[in-house]
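Asks: Sequences are here, hints too, so could you generate the full structure?
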Amino acid sequence: MSFYLKAQTDSTKIKSYADQVMIRVNLDTNIENYTFSEGGEDNLKQTILAINNKTKASFSVDYKIISATLSFAPRFFPGNNDNERKGNSSYTDFRFRFFPERFVQTVYYKNVKGFYIENMQDLLPGWQEDRDSYIQFPDLRVQTFGGSTAYILKKGFSLKSLYTQGEWQKNSIGSWVPFLDYDFTIFRNTINGLKSKEYQYNFGANIGYFYNWVIAEKVSVAPYLTVGLGGKLTSFKDTLENGSKGPKQNEQYLTVKGSGGLRIGYNSDRFLFGGMLNFNATAYNEKENSTVENNNTYGLLYIGYRFPPPKVVKRNYDKIKKKIPIL
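Take 3 as the starting number for the sequence shown in our numbering and just add one per residue.
If you're looking for bench data, these hints aren't it; they were derived computationally from the structure.
Possibly wrong hints are sitting among the right ones.
Unchecked claim - Lysine-lysine pairs mimicking DSSO-like chemistry, simulated, CA-CA at most 30 Å apart:
no.	residue 1	residue 2
1	K324	K115
2	K156	K220
3	K247	K15
4	K47	K259
5	K199	K247
6	K47	K234
7	K239	K47
8	K250	K197
9	K247	K234
10	K15	K220
11	K239	K259
12	K172	K56
13	K199	K56
14	K17	K325
15	K115	K247
16	K157	K220
17	K17	K239
18	K47	K172
19	K197	K234
20	K313	K324
21	K115	K239
22	K197	K47
Every value quoted in this text rests on a predicted model; they were computed, and no experiment measured them.
Replies: In structure tokens:
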């Protein structure tokens with residue numbers, strides 16, 4: 003679920019739809035995995051952990067400063083229900099954004115559970131996809147509480163048109179956007195009754211370039227690319243075979259980050275639709291000749307409709323705004 007707070011806009015360059023209710027449906031091919039690499043180029047060995055959820059649905063309702071989105075992975079979608087061979091996976095995502103002036107503040111929560119080894123053919127010679135099962139980690143759970151703080155350097159550029167389609171950029175324009183990101187992640191797993199837990203504290207400084215290219219009155223193309231450096235602090239503890247707690251292991255790593263994407267969208271005062279292709283990648287060297295990567299690549303299709311707010315919604319919102327002027 004996502005919530006967005008929206009500030010005043012430059013009406014000469016940006017068209018705002020804050021006075022309309024917008025409903026939107028998204029479908030995306032979320033692919034989240036962790037890649038563990040060992041060895042050099044001549045003897046590289048990789049283990050890829052993935053989730054058994056390939057398609058996610060999102061439902062959104064926008065009005066004024068608030069945009070609420072609920073995202074989940076329905077089991078009846080193709081690619082989400084091969085539980086016998088890949089195990090059961092779950093995925094949820096909750097985000098909160100607000101846009102004071104040219105700042106963009108994001109807070110989010112993500113919960114992923116149930117992984118399997120995706121590249122079994124690389125690990126077990128003779129393994130066949132249409133016959134054999136995957137090695138599963140049904141109790142592996144990853145919870146992330148995070149956020150980011152960004153600043154739009156170019157006045158009149160709308161990141162909201164990319165995030166929520168709650169605005170429309172009238173003319174082609176781009177901007178550099180520096181931002182800080184930070185999160186607290188908890189890894190939990192149970193294997194043969196033995197529990198393990200790892201805490202990760204991640205932070206980074208990034209710079210990205212975003213561009214809104216208006217190729218027609220109602221059509222735009224919006225590419226973006228970001229890079230960054232950061233740090234990772236980890237604390238790991240597991241349960242020994244005798245039932246006692248193992249020693250705590252603390253580590254520090256330097257991380258390299260990157261993301262990018264492309265959105266193509268059609269917009270009118272009532273209907274809107276479009277598609278996106280995005281990727282996010284983070285990598286760090288766990289030890290010599292050993293690298294861990296967290297990759298998230300997905301395509302997204304969205305369709306939405308705007309309409310005047312029902313009188314009861316507008317009346318109650320106006321009452322609340324009198325008590326809370328920031329709304």
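Asks: Would you mind marking each hint as holding or not holding in the structure?
Replies: Structure-based check of all given hints:
no.	hint	in the structure
1	K324 with K115	43 Å, violated
2	K156 with K220	22 Å, holds
3	K247 with K15	60 Å, violated
4	K47 with K259	22 Å, holds
5	K199 with K247	11 Å, holds
6	K47 with K234	23 Å, holds
7	K239 with K47	26 Å, holds
8	K250 with K197	14 Å, holds
9	K247 with K234	24 Å, holds
10	K15 with K220	14 Å, holds
11	K239 with K259	26 Å, holds
12	K172 with K56	35 Å, violated
13	K199 with K56	26 Å, holds
14	K17 with K325	27 Å, holds
15	K115 with K247	24 Å, holds
16	K157 with K220	22 Å, holds
17	K17 with K239	52 Å, violated
18	K47 with K172	50 Å, violated
19	K197 with K234	23 Å, holds
20	K313 with K324	17 Å, holds
21	K115 with K239	19 Å, holds
22	K197 with K47	26 Å, holds
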